[in-house]
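Novice: Turn these sequences into a full structure, and let the hints steer you where they fit.
Number of protein chains: 2
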Amino acid sequence: MRAVMMHSPGNVSVVDRDDPIIEQQTDAIIRVAATCICGSDLWPYRGANDVHDAHMGHEYVGYVEEVGSQVSSVRPGQFVVGSFMASDNTCEVCRAGYQSGCVHVQGMGGIGTQAQYARIPLADGTLVACPETPDADLVPSYLAASDVLGTGWFAAVAAQVGPGDTVAVVGDGAVGLMGVLAARELGAERIIAMSRHADRQALAVEFGATDVIETRGDEGVAAITEMTNGLGAHAVIEAVGTQESMMQAIGSTRAGGHIGFVGVSHGQEIPGNRLFRSLVHLHGGPAPVRRFLPDLMDRIASRSIDPGRVFDRTLPLEQAADGYRAMDTREAIKVLLEPFAG
Amino acid sequence: MRAVMMHSPGNVSVVDRDDPIIEQQTDAIIRVAATCICGSDLWPYRGANDVHDAHMGHEYVGYVEEVGSQVSSVRPGQFVVGSFMASDNTCEVCRAGYQSGCVHVQGMGGIGTQAQYARIPLADGTLVACPETPDADLVPSYLAASDVLGTGWFAAVAAQVGPGDTVAVVGDGAVGLMGVLAARELGAERIIAMSRHADRQALAVEFGATDVIETRGDEGVAAITEMTNGLGAHAVIEAVGTQESMMQAIGSTRAGGHIGFVGVSHGQEIPGNRLFRSLVHLHGGPAPVRRFLPDLMDRIASRSIDPGRVFDRTLPLEQAADGYRAMDTREAIKVLLEPFAG
Numbered sequence: 001m002r003a004v005m006m007h008s009p010g011n012v013s014v015v016d017r018d019d020p021i022i023e024q025q026t027d028a029i030i031r032v033a034a035t036c037i038c039g040s041d042l043w044p045y046r047g048a049n050d051v052h053d054a055h056m057g058h059e060y061v062g063y064v065e066e067v068g069s070q071v072s073s074v075r076p077g078q079f080v081v082g083s084f085m086a087s088d089n090t091c092e093v094c095r096a097g098y099q100s101g102c103v104h105v106q107g108m109g110g111i112g113t114q115a116q117y118a119r120i121p122l123a124d125g126t127l128v129a130c131p132e133t134p135d136a137d138l139v140p141s142y143l144a145a146s147d148v149l150g151t152g153w154f155a156a157v158a159a160q161v162g163p164g165d166t167v168a169v170v171g172d173g174a175v176g177l178m179g180v181l182a183a184r185e186l187g188a189e190r191i192i193a194m195s196r197h198a199d200r201q202a203l204a205v206e207f208g209a210t211d212v213i214e215t216r217g218d219e220g221v222a223a224i225t226e227m228t229n230g231l232g233a234h235a236v237i238e239a240v241g242t243q244e245s246m247m248q249a250i251g252s253t254r255a256g257g258h259i260g261f262v263g264v265s266h267g268q269e270i271p272g273n274r275l276f277r278s279l280v281h282l283h284g285g286p287a288p289v290r291r292f293l294p295d296l297m298d299r300i301a302s303r304s305i306d307p308g309r310v311f312d313r314t315l316p317l318e319q320a321a322d323g324y325r326a327m328d329t330r331e332a333i334k335v336l337l338e339p340f341a342g
Numbered sequence: 001m002r003a004v005m006m007h008s009p010g011n012v013s014v015v016d017r018d019d020p021i022i023e024q025q026t027d028a029i030i031r032v033a034a035t036c037i038c039g040s041d042l043w044p045y046r047g048a049n050d051v052h053d054a055h056m057g058h059e060y061v062g063y064v065e066e067v068g069s070q071v072s073s074v075r076p077g078q079f080v081v082g083s084f085m086a087s088d089n090t091c092e093v094c095r096a097g098y099q100s101g102c103v104h105v106q107g108m109g110g111i112g113t114q115a116q117y118a119r120i121p122l123a124d125g126t127l128v129a130c131p132e133t134p135d136a137d138l139v140p141s142y143l144a145a146s147d148v149l150g151t152g153w154f155a156a157v158a159a160q161v162g163p164g165d166t167v168a169v170v171g172d173g174a175v176g177l178m179g180v181l182a183a184r185e186l187g188a189e190r191i192i193a194m195s196r197h198a199d200r201q202a203l204a205v206e207f208g209a210t211d212v213i214e215t216r217g218d219e220g221v222a223a224i225t226e227m228t229n230g231l232g233a234h235a236v237i238e239a240v241g242t243q244e245s246m247m248q249a250i251g252s253t254r255a256g257g258h259i260g261f262v263g264v265s266h267g268q269e270i271p272g273n274r275l276f277r278s279l280v281h282l283h284g285g286p287a288p289v290r291r292f293l294p295d296l297m298d299r300i301a302s303r304s305i306d307p308g309r310v311f312d313r314t315l316p317l318e319q320a321a322d323g324y325r326a327m328d329t330r331e332a333i334k335v336l337l338e339p340f341a342g
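Protein sequence lines correspond, in order, to chains A and B. In case it helps, full-length UniProt numbering puts the first sequence at residues 1 to 342. In case it helps, full-length UniProt numbering puts the second sequence at residues 1 to 342.
It should be emphasised that the hints constitute simulated quantities derived from the structure, not laboratory data. Watch out, some of these pointers could steer you wrong.
Unchecked claim - Stretches of chain A that chain B covers, calculated by requiring three or more beta carbons in the stretch to come under 8 angstroms of a beta carbon on chain B:
no., segment
1, 91 to 102
2, 229 to 241
3, 245 to 258
4, 269 to 282
Unchecked claim - Taking beta-carbon pairs under 10 angstroms as the criterion, some of the chain A residues facing chain B (in silico):
no., residue
5, Ser265
6, Gly285
7, Ala301
Think of the CB as a built atom: it goes at the ideal place given N, C-alpha and C, for glycine as much as any other residue.
Specialist: Encoded structure:
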């Protein structure tokens, strides 16, 4: 089969790779209907993480091809969505809703879903099947559920967004935009998107942002403070992962407020005394997408949300390198790859 | 009047000081019935914070002497308990239960309650009166409510301790011990106190600890992990404030679990990637004691809790320097000072 490989920072190509096979009887093999490039894939692309001939990709939707003998919840032919973290969904941590901290968790990044086929470990715990094959126009939305929607949703839930809240969203990447959508769905009254890019601002407004702020850092904090009677937002979504973005989030949250942070942390050192004085709640990490999948898939099926709008470019898998470039230069917000196109 | 002054690290004496007067019409003046030395007073005593001729003390119970014209909720003669943070208790942040983040907050530490009299700002929002003058043996418990009990209680609430939980408590000072008591009252099934001192271990058990661990750091984390089937505790109370104690707390908490941190942060730098991977909830800061006072005072009045047991030494105010020495050397857990003794 064909699969994406990142040879070194900035150097991506599509290569031949053996088709995946059932390795454990709890595995499923899927034919990937759609996959995509994640903001987190840009960290190694930009040299912020080491990378050497790595299989890429952890987001996916597709059709079940084959299942191991111990798989009972999905069967060949079904259209399935799965989290970017494989989990058993039965352990105590999973049952508490933290499938990304499952005692048997396996990151799909190590497997690589930017490919024509993918092996999904712990298929019963990881995959959720659609009742029937979805209309083609819904496929991007289901793909979003696999990571960015689930992650943005988790951020909003972690920030305890509720009816009437003022929510600030730090980060205008796909996850931040999905955070805006989640905040709207969870009843936020005012949603302040922090973005400097016209295309992302427009999408943020489409997803439910009521205000857009172009400043960042201390200036961004001052703007949020002013918009909230000096108190700060009830809830802040941190969807970047840098020191600046985290400090901006802490500074923008009122005493007793909540921060949901989902940007993959890079070089952050959170000053304890600043956190102490802030009296905020801080919760985040790799999103337990599996917790939210059934609900999110229902909302997609009923067309009450349209997260697939976050994909502003679709390419054949063979052109993955162009997709990485477009996301790196911010020409595209998020690139969908079609493994069997062309 | 007589009042404690810390001249420099390690150098405490009792000096003459002007009696406080009503400065704002929202003030009350109280005759201090009992005050005490806080673990946080040891930071400057040990030179970890700058100090020069500072008035000391922020914990207090006493009798109202005089009130400003705008004070309506307490009157002269009443026995009152107040938080170590004065608050209006009416602003939006107070109403959300974060009186320590009140828009008009004033720390009592700057006023100094290790004295015969004290001015309490924002008396209506800060003080809670007992329905009648309490029995003398309950005074230490009411005094504990002013800070250490309220702070330990907040830590347990911030850590979302609930029925059936396994709770670990990092720190065996007065606040940690009050955290043990709070965890028991909130229904925890297993309470693991981390302590190396026999006297504190005994008190922890009296307050409800079911297990005591003497190890700390990585060894302490390993012990908690082993006791919790490899998962970590549901809830962890961090009542120290050092880098080691915070990392111990993060390491001891299961994915999706909660940390309540109330140790005054000193030099902490929390690595974002560690926090991200841990999937824990982190919440803490200066406790909004006022939120809990009515409930805690009811529990004390009905003798269902006995937090006053945390005071293992009582001295006349004039011997405050001995009290500081005893706490610094860990001869005493917490020292109660009687301003009108002897």
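Novice: Are the hints correct? Go through all of them and say.
Specialist: Evaluation of the provided hints:
no., hint, in the structure
1, 91 to 102, "holds (count 7)"
2, 229 to 241, "holds (count 4)"
3, 245 to 258, "holds (count 4)"
4, 269 to 282, "holds (count 13)"
5, Ser265, "holds, 4 angstroms"
6, Gly285, "holds, 4 angstroms"
7, Ala301, "violated, 28 angstroms"
Violated hints amount to a single one, hint 7; each of the other numbered hints is respected by the structure.
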